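Student: Letter by letter, the chains look like this.
There are 4 protein chains.
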Amino acid sequence: MRHNRFLGDLLSQLFDRPDKMRGKDDNRSIQELSHALMSTEGDVSGPTLASTIIERYADIEDHEKLEFFNFLNTQLDLDAGKLVETATRYAADQSVSAFRDLSKVSEPKRQELLRRLNQPTGATQKLVSMRCDLIRFVRSNPDLGRTDIDFVHLLRSWFNRGFLVLRQIDWDTPARILDKIVAYEAVHQISDLDDLRRRLFPSDRRCFAFFHPAMPDEPLIFVEVALTSEIPGSIDALLSDFRLPIRAEQASVAAFYSISNCQKGLAGINFGNQLIKQVVAELSSEFPELVTFVTLSPMPGFNRWLADETTNAEHGNSAQAVLAGSASRETLCAMAARYLLFAKRADGLPLDPVSRFHLGNGAQLYEIHANADLSANGNAQSSGVMVNYLYDLGSVESHHDAFATHAEIQASRSVRALATVPLAPAPSST
Amino acid sequence: MRHNRFLGDLLSQLFDRPDKMRGKDDNRSIQELSHALMSTEGDVSGPTLASTIIERYADIEDHEKLEFFNFLNTQLDLDAGKLVETATRYAADQSVSAFRDLSKVSEPKRQELLRRLNQPTGATQKLVSMRCDLIRFVRSNPDLGRTDIDFVHLLRSWFNRGFLVLRQIDWDTPARILDKIVAYEAVHQISDLDDLRRRLFPSDRRCFAFFHPAMPDEPLIFVEVALTSEIPGSIDALLSDFRLPIRAEQASVAAFYSISNCQKGLAGINFGNQLIKQVVAELSSEFPELVTFVTLSPMPGFNRWLADETTNAEHGNSAQAVLAGSASRETLCAMAARYLLFAKRADGLPLDPVSRFHLGNGAQLYEIHANADLSANGNAQSSGVMVNYLYDLGSVESHHDAFATHAEIQASRSVRALATVPLAPAPSST
Amino acid sequence: MRHNRFLGDLLSQLFDRPDKMRGKDDNRSIQELSHALMSTEGDVSGPTLASTIIERYADIEDHEKLEFFNFLNTQLDLDAGKLVETATRYAADQSVSAFRDLSKVSEPKRQELLRRLNQPTGATQKLVSMRCDLIRFVRSNPDLGRTDIDFVHLLRSWFNRGFLVLRQIDWDTPARILDKIVAYEAVHQISDLDDLRRRLFPSDRRCFAFFHPAMPDEPLIFVEVALTSEIPGSIDALLSDFRLPIRAEQASVAAFYSISNCQKGLAGINFGNQLIKQVVAELSSEFPELVTFVTLSPMPGFNRWLADETTNAEHGNSAQAVLAGSASRETLCAMAARYLLFAKRADGLPLDPVSRFHLGNGAQLYEIHANADLSANGNAQSSGVMVNYLYDLGSVESHHDAFATHAEIQASRSVRALATVPLAPAPSST
Amino acid sequence: MRHNRFLGDLLSQLFDRPDKMRGKDDNRSIQELSHALMSTEGDVSGPTLASTIIERYADIEDHEKLEFFNFLNTQLDLDAGKLVETATRYAADQSVSAFRDLSKVSEPKRQELLRRLNQPTGATQKLVSMRCDLIRFVRSNPDLGRTDIDFVHLLRSWFNRGFLVLRQIDWDTPARILDKIVAYEAVHQISDLDDLRRRLFPSDRRCFAFFHPAMPDEPLIFVEVALTSEIPGSIDALLSDFRLPIRAEQASVAAFYSISNCQKGLAGINFGNQLIKQVVAELSSEFPELVTFVTLSPMPGFNRWLADETTNAEHGNSAQAVLAGSASRETLCAMAARYLLFAKRADGLPLDPVSRFHLGNGAQLYEIHANADLSANGNAQSSGVMVNYLYDLGSVESHHDAFATHAEIQASRSVRALATVPLAPAPSST
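Residue numbers (our numbering), protein chains in the order written: chain C, 1 to 430; chain W, 1 to 430; chain G, 1 to 430; chain A, 1 to 430.
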């Protein structure tokens with residue numbers, strides 16, 4: 001394995017590039033500037049124009065931003081009439097020139113604008129932020145969804161797996177990056193750097209993140225891993241200040257206990273699947289003793305579902321008991337198993353979003369634990385229950401296939417057994 | 001200016017990523033694998049499938065490659081009928097859902113295939129090589145031009161300026177990269193590393209290249225610069241083994257004497273314009289004494305044009321004299337000026353490709369030099385004449401605009417004067 | 001300025017060196033191992049023996065360590081008899097061979113042992129720690145001072161300025177290093193990383209440290225700098241959470257407000273003088289607008305001195321008033337000026353250690369500020385008074401010379417004036 | 001294994017340090033400057049004074065350099081009288097203060113001067129060059145040997161194993177370093193970088209060097225290694241342009257075929273022993289299949305010895321035949337075995353310097369090959385014979401011990417057998 005030093009070195013300069021071509025005082029409107037960027041002026045002065053637009057965007061108010069997005073959405077849309085015309089021509093004559101004409105009109109002009117905006121230093125990150133705004137505006141301006149489709153299309157192409165870099169996050173990582181990890185942790189909150197030290201420093205803890213070369217200060221997604229000797233059944237025990245760390249070499253289990261997406265502007269682009277697989281590969285190679293890769297996951301929709309089930313003929317009484325905090329541990333787990341196996345959305349996929357994610361990745365429902373997350377949030381969302389999903393690399397592909405094709409849920413025998421425990425029905429309302 | 005060390009470090013691992021998910025023995029055909037990569041199987045096993053396809057491609061013969069490209073061209077084309085249908089619907093109803101449907105069919109499926117292929121380590125470079133093959137096949141299979149349009153579209157998006165890194169090439173550069181510079185130099189040949197040392201090592205020489213993070217071993221384009229005290233008028237003097245280097249701080253002129261594109265697979269994507277401007281910016285910032293930025297450029301179409309002009313009423317005789325090597329220095333320069341100012345293609349742009357490039361960048365024709373390149377190649381192509389194009393940052397934009405809009409050529413007074421020198425007409429054929 | 005990337009890269013491997021030559025199970029005593037290391041066995045198995053000794057040392061109890069130091073002190077001392085003999089011979093005959101014999105016996109054997117111990121990875125740091133122990137033992141075993149002289153001699157040679165690296169500490173620094181800065185800050189306490197962020201992050205703050213290549217995780221000394229528009233007169237204002245940072249380019253003053261030595265094991269080796277000068281040079285070069293380099297320094301011996309002066313005929317009453325907290329600001333400053341200018345040790349040098357340090361570096365006593373450090377410590381040590389020492393590079397050398405030769409103290413006119421303010425004498429004891 | 005990125009980064013700045021404290025115009029003589037550097041002036045202006053001295057030294061003529069060394073040798077010698085006096089006092093009273101006094105006079109003042117010279121950027125390398133001069137002068141001024149002893153003492157302490165960095169040299173190494181490898185190769189000449197590519201590039205070749213952080217552009221020593229499937233018996237075959245490289249993983253033998261010291265100024269400081277052992281450790285760890293570590297070494301004193309043996313009663317005739325090129329392969333090898341086993345210096349150690357080096361490291365004489373080096377040099381020095389020394393890590397220590405203590409030579413059975421082959425005596429001179 002050749003160590004590519006040159007690349008490291010070369011990239012370290014990516015963001016040192018002084019912006020010598022800064023936007024001059026240009027008092028055209030952001031719309032005029034956008035047109036200029038797509039004209040011949042943009043051919044030669046593209047980076048300057050792009051800088052000016054990006055700076056201008058940063059300075060304007062929300063209503064002007066909305067105006068700008070409306071401009072993208074309508075003025076820089078594709079010309080459907082022309083598209084019909086050229087597509088019709090291409091349907092008749094599949095010549096190269098007909099295809100060239102077609103390909104010129106089959107894409108909204110705003111895509112080319114976005115590509116041309118991505119010229120100055122740091123522009124990629126600005127475009128990702130721009131999409132954050134856009135997502136916000138779409139809520140009350142659903143028509144902007146058309147522009148959002150183009151943002152997603154382009155960002156997905158640019159944040160392609162081939163361009164991402166997996167990076168271990170540890171105590172040798174610059175504090176600037178660690179601050180981001182603290183801020184972006186979405187599952188089990190981290191209060192500050194000193195709290196983060198407890199997550200990263202011990203010998204049996206790991207953290208990995210994906211980065212993109214054009215946004216080196218910004219993790220895209222990260223996962224926290226505990227190396228343990230047994231499949232963990234409680235996040236509280238896992239994160240306890242009083243536990244004794246083991247040596248990484250002694251571990252047989254890698255438990256993924258927190259996965260956080262960092263960039264709202266990249267919503268809809270799924271990095272999690274590939275992050276988990278890459279981390280499994282990295283850890284297996286460094287620690288050949290690791291044989292089991294599981295998650296310790298929350299069940300965020302459990303209590304909401306329970307609330308809907310209180311009148312269910314078969315297990316309504318148990319649902320009430322769980323919500324009231326008076327259910328036995330067995331009942332708790334049995335209800336959780338029913339939730340995970342049988343609660344479905346209209347499209348037939350599991351109701352639980354975390355479950356959809358892991359099962360969609362080809363993982364298997366493996367074990368259910370009561371009293372596993374006794375934090376306020378853990379109690380409120382899922383009555384303290386947590387789940388292990390098992391990533392068995394040998395069967396990930398066939399599991400994924402069965403899930404993707406038939407929405408078939410893979411579960412261990414013990415989880416299946418839990419779901420068949422007879423439960424107290426809802427009291428008949430006489 | 002903050003030095004981004006973390007990025008450098010993080011990127012150094014981009015290519016160390018061991019390919020732990022190598023293509024297993026999979027005996028499906030490359031076409032079947034491509035379909036699989038775009039199906040749900042690709043969602044979870046994308047990197048493995050992509051690796052397998054890339055390895056398979058590397059192993060197959062030309063006729064199988066051609067078959068694969070034909071598959072892309074026809075099987076993975078867009079469905080024009082469906083496109084007409086959804087575009088018509090969108091023309092009538094510009095709803096988000098209509099747009100979503102449209103955007104799903106407005107792009108040939110091969111684009112998604114190429115994006116999905118770009119998942120394993122080093123895939124980007126493999127796709128660039130794939131396009132080298134494609135360009136070759138297009139010659140005798142012009143229909144494949146459709147697929148080529150999609151390759152260019154995608155590569156242009158991925159090799160966007162915002163993702164490129166400018167890097168100085170000097171004697172601290174790894175030999176592996178220097179080997180590439182030797183191999184790719186297209187203008188004034190470099191015989192080996194010891195020859196390259198003469199180009200890179202002296203205190204008054206510089207070389208800069210663009211790189212892409214996903215292809216760190218491969219320069220995309222590079223430019224060689226001489227720092228001088230006067231505008232140079234001879235490449236032979238510039239590269240002479242006997243000249244005395246000056247200190248970089250003493251130079252007032254930066255002469256760009258060689259620009260080479262390195263990647264045939266990126267043909268049609270223009271990096272030159274931005275490279276020159278970035279290097280001008282870098283050099284100005286490091287050496288504030290530099291005031292003049294010029295090229296010392298070949299004139300590759302000159303002799304070919306002369307051969308066509310031998311019967312021209314006004315200057316046929318001079319054309320003959322130049323080709324015969326018997327013209328005076330003045331006649332030589334006058335003919336060169338006429339060539340550069342008046343010889344045009346059907347579209348009204350200059351006949352000379354180097355001239356089109358620099359004028360298109362907003363440069364100005366500045367000076368013409370006889371006996372400037374006495375190499376075999378220099379004599380055969382342009383009778384030893386070379387040209388300086390001046391990059392005056394203050395007027396680059398307006399020049400470009402005039403050229404792009406009206407094909408107007410900017411030239412210095414002295415070049416214009418040369419073009420009006422009266423010349424000997426062709427002998428009347430009595 | 002050529003960027004030495006190769007070095008960076010090469011050094012990054014210094015500490016990755018896996019210790020493949022670990023100390024085998026060797027049950028000889030640490031004394032026997034030491035003899036072996038200096039014998040022919042050490043020629044070939046030096047690194048292994050050294051590792052074994054270093055590990056053994058880490059495991060033993062204090063009384064065994066003391067025994068080991070006594071062994072160094074007596075068994076590995078020089079042979080004074082032999083030294084007299086060879087020195088006498090050399091005095092008579094200054095031949096090379098006489099000198100060689102002399103140089104073999106003129107150095108205690110323990111120096112060679114220490115050099116030979118410094119072979120395995122990380123040994124340098126272990127030897128520095130060893131000296132921490134030694135310093136502790138010397139207190140109750142003053143005879144060990146002989147061994148300490150040899151430790152200092154060797155460490156001073158190894159931590160020579162030519163081997164040190166100046167490094168800016170900022171928010172891109174690895175957290176592992178930042179933890180050390182928090183721990184080692186000796187002047188104005190930092191509570192944790194979040195507190196450190198307030199010191200390092202603002203645009204008008206800088207921190208620099210010296211490192212040694214063989215101890216890359218360990219700063220040797222660091223200085224914290226505030227870039228300001230005026231000479232600061234209060235540490236509380238300087239560190240206030242509510243102040244508004246300025247842009248570094250706007251600053252005209254660089255104020256060194258905290259200097260901390262990090263390595264107890266390097267006590268007696270002065271890095272401060274050179275650190276300050278190097279940082280002045282770095283900052284001047286980055287910010288040409290900086291014209292004034294001062295410290296904002298504590299006066300740690302002030303209150304102790306005041307306590308001794310309460311019966312002084314001339315200013316006893318004022319001393320009492322200061323200690324009682326009832327002195328006017330003018331009296332406070334006048335007493336501080338007297339302390340700094342006139343309070344001397346037996347050797348004629350200033351009583352105040354901070355003053356000795358800066359004046360010894362060639363700085364000048366510049367201004368005195370009351371109510372400048374109102375922390376518990378600041379009040380207890382110096383009644384809240386702080387001092388600016390001015391580093392004027394033009395006169396540093398002559399000032400140092402006058403101080404080193406004649407103990408002459410350089411002070412500004414205003415400080416001198418303060419010292420002549422008439423003060424209330426001690427009440428006559430009738 | 002934690003990757004120490006911070007160190008790499010920090011060190012990369014070691015040599016970027018701009019010399020802001022350059023030697024001003026100082027017209028004192030180099031001797032006066034030296035005195036100043038050791039006085040109080042040196043305390044504060046040390047780096048400037050040191051720079052001035054180093055620049056001055058670079059500018060002066062040989063006779064002035066000689067004068068400077070004579071100054072070091074006599075004026076900055078130790079004061080033998082004072083040394084006798086303080087040593088006598090210490091012999092009587094082993095107090096700390098007596099020891100302190102002694103340690104102040106037991107070292108020549110020139111050592112402190114050299115330490116103080118080592119303050120500016122790049123000084124270490126300048127001091128190493130200074131010693132190159134010194135070695136030259138010692139030849140005709142043997143008295144300077146005293147000063148040389150002090151240079152060696154100090155350099156040995158500074159180039160201690162704990163401070164060295166092992167670095168693989170390959171095609172990713174900066175060309176600047178590769179140039180040095182070409183220049184310093186001392187055993188089997190390399191003509192230029194393209195020749196070096198043949199040594200470094202193939203998959204079955206390795207090269208490793210030691211560096212010192214303060215001289216990052218200068219390798220100290222390097223070794224070239226061939227990974228092979230059999231113990232090699234010919235350098236010509238090993239370096240042949242026509243051989244087929246194997247994959248490194250297939251190799252069972254690592255053959256060290258060239259070791260070159262790079263710094264004449266470090267003569268007398270042995271890095272070879274530790275380099276070989278470190279490289280053995282590195283290679284074993286990367287390629288567990290490697291089981292045999294041998295050299296393929298020259299025998300530089302063979303022909304010279306043969307010339308002395310032509311009249312030897314037992315094998316004079318054979319010696320003549322070898323020199324005449326008429327000996328059989330068996331005779332050739334038999335004479336080589338006698339040379340290696342029995343030809344000794346006055347001190348009982350082997351006559352052959354390469355043999356002394358490897359046997360001194362604990363290696364074993366393993367095999368002898370005729371026609372192994374047919375280069376002009378190989379024929380002239382050793383009639384084309386080469387030797388394998390075997391490094392068997394298990395017995396290196398005991399072999400070294402036997403060699404160091406009793407000059408006992410370890411040799412394989414086959415080499416011993418060769419030495420007993422009966423040979424033709426010298427013709428009796430009647």
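Take the hints with a grain of salt, since some may be wrong.
Claimed, not checked - No more than 30 Å apart at the CA atoms, straight line, and that leaves these computed lysine-lysine pairs for DSS-like:
#1 A/K180 to W/K180
#2 W/K180 to W/K104
#3 A/K264 to A/K180
#4 G/K109 to A/K180
#5 A/K104 to A/K82
#6 C/K65 to W/K104
#7 G/K104 to G/K65
#8 A/K180 to G/K104
#9 C/K82 to W/K180
#10 G/K109 to G/K65
#11 A/K344 to A/K264
#12 C/K109 to C/K82
#13 C/K104 to W/K104
#14 G/K180 to C/K180
#15 W/K82 to W/K65
#16 W/K264 to C/K109
#17 W/K82 to C/K109
#18 W/K264 to C/K104
#19 G/K264 to G/K65
#20 A/K65 to G/K82
#21 G/K264 to G/K344
#22 A/K65 to A/K104
#23 C/K104 to W/K180
#24 C/K104 to W/K65
#25 W/K65 to W/K180
#26 C/K109 to W/K104
#27 G/K104 to A/K65
#28 A/K180 to G/K65
#29 G/K180 to G/K82
These are computed hints drawn from the structure, not numbers from a lab.
If you're wondering where the values come from, they're calculated on a predicted model, not measured in any experiment.
Student: If you check each hint against the structure, which ones fail?
Tutor: 2, 4, 8, 9, 20, 23, 28, 29
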